[in-house]
Structure formats: C-alpha cells, structure tokens
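Participant: Sequence:
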Amino acid sequence: MRIALASPYDWSVPGGVNRHVSNLAQHYIRRGHDVRVIAPSSKRLRVQPDYLNIIGHSSIGLPASGSVANIALSYNLGPRVKAYLAREAFDIVHVHEPFMPLLPFQFLRYKRSTTVATFHAARDTGSRNYAYGKIIIEPWWRNIDGRIAHSRAALKLIGAYFTGRYRVIPSGIDYPFFATEAPPFPEFRDGKRNILFVGRQEQRKGLPYLIEAFGKLKKELPNTRLIVVGPDGGLRQSCIRYISENNVKDVVFTDFVPYEDLPRYYKTADIFCAPNTGHESLGLIILEAMAAGAPIVATRIQGFQDVLTEGVHGLLVPPKDSDALCAALRKLLDDAAMREEMGRAGSRDARNYSWHEMSSRVLQMYEDTVSGNFTPNGNGH
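Residues in the sequence shown are numbered from 7 upward in steps of one, following the working numbering.
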C-alpha cells in the first residue's frame, strides 16, 4: 500500500504524536509498504528520514492539555497539500489529530482516497476547541472513513462532541529496547534506593507533588534518592526553591538524557513514580517502565488505569495527594518481594503493547475500512 501519515506538530520539536507517527512509518516500511510522513518543521533537521516530507516551515506554540503544541499556520498549506495528494495517489491517508490547526485539516479538505483519523488527545475537563469549533468541523466529519481513538481517555473526549464508531488502538512501545538487560548507572548504585521520575517538568506531570512526598519520605527512610529525568517545562526553579527551603536532600536533576540511556535509568530505579495530575491519553511512560521491570507508583487517572493493573504492576493513588504518594512509596520500599513480583508482571504484560503488535492492528484497521468490514470496539456518545 501507498500510505500517507500526516501530523500537525512541528517535527523538530520532540513529542508523543510525532514519535507515534515515526514508529508507524518505520514498521510499515519494514513490512514492504510505501510510506510518506507529512509534517511541518520550523528548523532544518540534522537528519531527515527519507520518508519525511516537510510542508510548512514555521510554527507557533499553543496551549494544549496542560502542555504546548507547536503547529504550523502557514497561509499556503492548502494548495500545497492539494497538489501533493493529486501527485502521489495514496491508497490510505492517515491523519493524526485531524482538527488540530492547520495542516491535517487540509488532508480532509482535499480528500482523494480512503482517509483514517486518529484522535490522540485526552482532557479531563473537555475541549473548548471541539465545543466552539463543532459547527465548523461537522461538514468535514464525513470525509473521515475510519476513526481511531488512541485510548479510552481519548475516546471519552472526542466522543463527547462527535458521535460515531471508533476503534481504540493505543500507541506501542519499543518493547525489546526497554526489556533488554541494561547496566544501571554505577553512580546511583551506592546502597541508596532510587525513586525515578521521567517526564517534562510541567504542571500536568505532577513533579511538585512527588518532591513534597519525597521530602516526607526522606525523614522516615533517609537511605533514599529521587532522580528526575527530563527537560524543564517551567517548573524546575520552583521545585529547586522548595527543595532548598525545606532542606530536602538527595534530589538529582538530569539535563538532556539521550533516548538510548532511558533503559539504564529504569534499571537503576527501585521504583518508578508517575505523579501526573491528568490530561494523559495513555500511560506510555508507564509501559516503558513496566517493560524494563520497574515496579510503579502512579496516580489513578484514566490513561494510567488503561495499562496498569493496581496491585499487579504497581500501586495507584489519587492525583495531587502527596501524603498518598508518600505512603505508597513507603509501602513498596518496605516490601522487596512485592517490588520484584510487580516488576516481573509488568515486564511480561507490557509485551502486549509492542509496536509490532500495534502497527499490525492499525494496518488491519486500514484493510477493514477499505473493505467495509470495519467493526468498532468503542463508541462516541
């Protein structure tokens, strides 16, 4: 098949949707399909994959689900997409976040072939974009032949505004990469027990609640350390100020961490902690930690509950509750047998989310949509 994968997000800015699209493209190519990814990019890429086509060379950052979405708003996107579709004659056009301004919408506007859309976003409080833009979106809704929700949380959001039949197909993870044995970092193997946080330091990731919980835990279990991995999203200085004012010891912030080092951090951790406050479509970070065999303490939000079974892979606590976080961390640190058992179960069950499995499910979705045999496993109401 000739497959087009369209993303609204600036390819030069790392993000979950672009990682999703890139992984789909690579797995399709390995299976012998002819694939093109279309996305904007505000910067010249150091390495540009052969399958990537840049349409749109400027982007702006817009608030989105507690984070920032970098999207293209170039005035000439429509004519360029129209000409591109006419020239390439794709069998399938797969549009990601089709109503995120502005590039994906052009693929619906100038539709020439079977079109599938994936809705990634989840937002606990609903979407003003969908609410206010529904009257504009509805005429183009019929141009989508097959609809995928990235998770049950994403289905809940899109289904609240647009009734229809959806198939829930989550992102995958590079299971062999995270499950393969990797050496822990020796500087953290000094007898202290390590709690690991991985994520952008922004409000919805909940790091301040974890630091507050760790400050309480440290008084009871002084032989512990908190390792914070990920870029600053605007909260680091306030976190450092809290640590200083409350004399919290053994909190280590990393700078940029290469993707290749992530399995080593997971192997270094005695516990992986995800204190996110909400707006998470799917717990991919949870799945990576599970694949690496790390027991988990996380918040009880939809995106995490979809992939983590409480009491089997880890412990869940209410969001924004540092006391509950502290208690759960203490419980796991006090029970080595429980940590080991949860780690084994996580590594076993995360295999179900390998990219090989997920890309197969999306390909089947294409075939079912083309043949008219599409059956949903979720419905928007």
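No wet-lab data here; the hints were simulated from the structure. Note that CB positions come from ideal geometry on N, CA and C, so glycine has one too. A portion of the hints provided could be inaccurate.
Below 16 Å or equal to it, Euclidean Cα-Cα: the simulated EDC-like pairs (lysine to aspartate or glutamate) are [to be verified]: (1) Lys224 with Glu187; (2) Lys162 with Asp130; (3) Lys162 with Asp97; (4) Lys222 with Glu187; (5) Lys224 with Asp256; (6) Lys162 with Asp312; (7) Lys225 with Asp256; (8) Lys198 with Glu251; (9) Lys224 with Asp329; (10) Lys273 with Asp327; (11) Lys198 with Asp130; (12) Lys225 with Glu347; (13) Lys326 with Glu226; (14) Lys198 with Asp340; (15) Lys337 with Asp276; (16) Lys222 with Asp130; (17) Lys198 with Asp180; (18) Lys326 with Asp130; (19) Lys337 with Glu226; (20) Lys255 with Glu208; (21) Lys225 with Asp97; (22) Lys224 with Glu251; (23) Lys273 with Glu193; (24) Lys337 with Glu347; (25) Lys117 with Asp130.
So the derived label-pair ranges between C-beta atoms look like this [claimed, not checked]: (26) Glu94 with Pro264: 49 to 57 Å; (27) Arg52 with Lys88: 47 to 55 Å; (28) Arg118 with Ile141: 40 to 48 Å; (29) Asn59 with Ala333: 25 to 33 Å.
Participant: Is Lys225 close enough to Asp97, meaning Cα to Cα at most 16 Å?
Facilitator: 61 Å, violated
Participant: Would the hint linking Lys162 and Asp312 be met if the CA-CA limit is 16 Å?
Facilitator: 13 Å, holds
Participant: Given the proposed pairing of Lys198 with Asp180, does the C-alpha separation stay at or below 16 Å?
Facilitator: 29 Å, violated
Participant: Taking 16 Å as the top limit, are the C-alpha atoms of Lys222 and Asp130 close enough?
Facilitator: Judged against 16 Å, a Cα distance of about 29 Å means the pair is violated.
Participant: Take the C-alpha atoms of Lys273 and Asp327, compute the straight-line distance between them, and say whether it is at most 16 Å.
Facilitator: 27 Å, violated
Participant: Please verify whether Lys224 and Glu251 have alpha carbons no more than 16 Å apart.
Facilitator: 15 Å, holds
Participant: Below or equal to 16 Å on CA atoms is what counts here, so check Lys162 against Asp130.
Facilitator: It holds: about 9 Å lies between the C-alpha atoms, which stays within 16 Å.
Participant: Is the hinted range of 25 to 33 Å satisfied by the C-beta distance from Asn59 to Ala333?
Facilitator: 51 Å, violated
Participant: Just to be sure I understand the hint, the distance between the Cβ atoms of Arg52 and Lys88 should be within 47 to 55 Å; is that true here?
Facilitator: 30 Å, violated
Participant: Can you confirm whether the C-alpha distance between Lys198 and Glu251 stays at or below 16 Å?
Facilitator: 23 Å, violated
Participant: Against the 16 Å threshold, does the CA-CA distance of Lys117 and Asp130 hold or violate the hint?
Facilitator: Outside the cut-off at roughly 32 Å; violated.
Participant: Tell me if the straight-line CA distance from Lys224 to Asp329 falls inside 16 Å.
Facilitator: 13 Å, holds
Checked against the numbered hints given earlier, this structure breaks hints 1, 3, 4, 8, 10, 11, 12, 13, 16, 17, 20, 21, 25, 26, 27, 28, 29; the rest are met.
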